[in-house]
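Just so you know, the protein sequences line up as chains B and U, in that order.
Taken in order, the first sequence gives residues 1 to 113; the numbers are from this note's numbering.
Taken in order, the second sequence gives residues 1 to 110; the numbers are from this note's numbering.
Fair warning: there could be bad hints in the mix.
[As the list claims (entries may be wrong)] Examples of chain B residues toward chain U, derived with CB under 7 Å:
| hint | residue |
| --- | --- |
| 1 | Leu43 |
| 2 | Phe45 |
| 3 | Gln48 |
| 4 | Phe90 |
| 5 | Ser106 |
| 6 | Gly107 |
| 7 | Thr111 |
Since the hints were derived computationally from the structure, they do not count as laboratory data.
Each residue gets a CB set at the ideal place from its N, CA and C atoms; glycine is no exception.
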Amino acid sequence: DSGVTQTPKHLITATGQRVTLRCSPRSGDLSVYWYQQSLDQGLQFLIQYYNGEERAKGNILERFSAQQFPDLHSELNLSSLELGDSALYFCASSVGQGTYGYTFGSGTRLTVV
Amino acid sequence: DQQVKQNSPSLSVQEGRISILNCDYTNSMFDYFLWYKKYPAEGPTFLISISSIKDKNEDGRFTVFLNKSAKHLSLHIVPSQPGDSAVYFCAAPTGSRLTFGEGTQLTVNP
């Protein structure tokens, strides 16, 4: 157990729908990062939050949004889902804002049908 | 633009032999590299790293080599064990984000 908790582990939904993925960071970590891994691809950085504020943004689609709450858990919202959004979504956390001590959760597998 | 590339999707080796996983990068501004290991249904876990001021870093059975002129790094696992069977990713940080390669599936046969 890495200490980073992601729910749900699996999600199957239809095109056009909206889903919310949840991440609880490791105790004491202030940064949360979201990554997307599509089939046979490396992990692609989506967005970072630090202590409730957005700090860095990658190639995140406008249909996707995220937030980090006062208790430091984070949610990734995916809307108007398309077949191509099917992927593994990983959350990671770290104490500070750098990549030292990055710890990943086990991911949420999203299947859009 | 794939700045970190792993050209071998898979590698199969015999237990006890050496596994060599390769990674190429294009961004000469990268000054630190990491290798992650990923088992099915788990997230990536940190394995070993190397700074660009070094050309080699060793941790037990794992050694990473960096060739800056060729923009190439490799991970050596000696001796390979069946428990090493996993997907291996190389990655480079830019600020707080990591740029990952596509990964190489290593299978170590008993």
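Here is how each hint holds up against the structure:
1. Leu43: The hint holds - leucine 43 of chain B has a Cβ within 7 Å of chain U, the shortest such distance being about 4 Å.
2. Phe45: This interface hint holds because 4 Å falls under the 7 Å limit.
3. Gln48: With Cβ-Cβ at 5 Å, under 7 Å, it holds.
4. Phe90: holds, 6 Å
5. Ser106: holds, 5 Å
6. Gly107: At 6 Å from the nearest chain U Cβ, glycine 107 of chain B passes the 7 Å test, so the hint holds.
7. Thr111: violated, 15 Å
This entry does not satisfy hint 7, going by the numbered hints stated previously; all others are met.
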